[in-house]
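**Student:** Residues per chain, in single letters:
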Amino acid sequence: MEAIDRLVFTFFNADVAAKYLPDILRGMGVTALLGLAIVAAGLALGLGLALLRSMAPRWLRILIEIYADIMRALPPLVIIIVLFFAFPSIGISLSSFAATWLALSLILAAYAEESIWAGINAIASGQREAARSTGMSTWQALCNVVLPQALRMAMPPLTNRVISITKSTALGSVVALNEILNNAQSASSHAGNPTPLTLGALAYLVIFIPVVFIARVMESRQSWMK
Amino acid sequence: MTPDLTSSLRPATASIKPPILELVNLHKSYGANTVLKGIDLRVRPGELVCVIGPSGSGKSSMLRCCNRLEEPSSGQIVVDGVDITRAGVDINRVRQGIGMVFQSFNLYPHLNVLNNVSLALRKVQKFSRTEAEQRAMAALARVEMQDKAKAFPAQLSGGQQQRVGIARAIALEPKVMLFDEPTSALDPELVGGVLKAMRELRDSGMTMLVVTHEMAFARAAADRVVFMDGGVIVESGPPEQVFGAPEHARTKAFLSHIRAH
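Those protein sequence lines, which keep their order, are chains A and C. Residue 153 in numbering that gives the first Met the number 0 sits at position 154 of the first sequence; the count goes up by one each step and never skips. Residue 226 in numbering that gives the first Met the number 0 sits at position 227 of the second sequence; the count goes up by one each step and never skips.
Just so you know, the hints here were simulated from the structure itself, not pulled from any lab data. Accuracy of the hints is not assured; some may be wrong.
Stated by the list, open to error - Partial list, derived from the structure: chain C residues whose beta carbon lies under 7 Å from chain A: (1) H26; (2) N66; (3) L68; (4) R94; (5) Q95; (6) S103; (7) N105; (8) Y107; (9) H109; (10) A119; (11) K122; (12) V123.
Using N, Cα and C, we set each Cβ at its ideal position, and we do this for glycine too.
Turn these sequences into a full structure, and let the hints guide you.
**Tutor:** Structural data, given as structure tokens:
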């Protein structure tokens with residue numbers, strides 16, 4: 000019994016939990032807000048880049064490809080650290096929130112651009128021709144016929160990427176962003192007890208289990224495609 | 000024009016009107032490969048012209064040039080008096096007057112039948128949703144598909160999909176309709192329904208240019224049959240002449256080859 004008591008005291012210590020719960024809750028607020036901001040900016044930028052790539056001249060398409068390749072090749076932490084620690088020396092100072100948000104949004108945009116572009120590319124040319132034959136402009140055919148189908152095809156890879164990138168908000172702890180992990184870590188060293196880390200893990204589950212569940216529901220709604 | 004002209008009167012009536020679709024010395028090349036080598040063709044209002052010929056003869060390329068889904072290399076395409084190859088022509092406006100039906104239907108799989116037909120009415124012709132849906136339902140009724148308005152394309156047979164494809168085109172009330180092998184992708188038992196819809200369209204006075212392998216349809220329904228081979232029009236005339244007494248050796252060879260199968 001002594002071993003179990005020690006385990007409970009170490010990881011599930013009620014007194015420590017009660018004391019540091021407000022910190023963890025504040026961290027949850029920051030993580031959730033940051034995650035939403037990343038998803039909004041990353042998906043919007045990714046969609047814009049994919050649309051641009053489908054219509055742009057060759058040189059611009061190549062630039063977009065290079066951007067996507069670099070952003071997907073670099074570890075997210077490298078980009079966060081460059082934005083936070085290196086950019087001040089060229090006169091651009093970002094808060095830890097802004098640096099994490101910008102870095103992860105740029106990465107999500109790269110992945111979203113690739114998935115949506117792949118979807119646009121996979122739509123048979125006959126779809127566009129049918130739309131154009133009824134008098135739609137290139138843009139109208141793209142928005143009304145090609146894109147709705149492309150987005151549905153891009154949905155499974157996109158939802159996975161959204162989950163993975165929003166979880167990476169934990170990397171913000173490296174630049175002292177007061178999100179869940181950072182708050183949990185400081186709390187546990189302050190308390191001399193790792194129970195706040197347990198709370199942190201639970202906090203991530205509370206935020207991300209619903210996200211994973213929603214992703215699953217969305218993926219199962221693909222039945223209209225043949 | 001009177002919609003209930005009997006078929007025997009149609010060619011005579013049609014011949015006195017100026018053409019609604021005219022191709023003048025049309026050329027089309029893909030790199031070094033020339034697929035159209037100077038096509039001259041006139042289609043008059045109310046006429047049904049069937050284009051036959053071996054695969055690779057340029058039939059589909061010619062048809063797709065008529066609404067500039069393919070850009071011709073040289074030559075003129077005149078639709079209702081307007082040269083649509085001219086610089087500055089509003090091709091999106093022109094295309095509303097030229098309906099097109101595709102071999103593989105090309106219905107929008109994410110939209111139901113009603114929205115497939117009403118999409119361009121709303122987005123291009125800017126009708127209100129109510130007005131667009133009324134017009135779409137009327138077009139669907141003409142091809143006997145009004146009962147499937149809420150179905151999605153994947154739930155329909157190929158023949159039903161193609162009839163929706165026809166409805167999508169006629170809903171815009173085009174002056175001329177292009178058919179690119181409309182029955183070639185269909186199981187044999189489904190061809191009849193599509194050909195019936197096309198005959199009814201013809202009887203309503205629609206001008207139609209039809210690339211087809213359905214020789215029986217061409218013989219029975221066409222006012223004029225055009226035989227193409229090697230990127231040129233080899234022979235054209237009334238079906239009884241082209242099928243009954245072809246003048247050119249290539250036409251004879253093609254027709255006897257078809258009949259052997």
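**Student:** Of the hints stated earlier, which fail here?
**Tutor:** Violated hint: only 1; rest satisfied.
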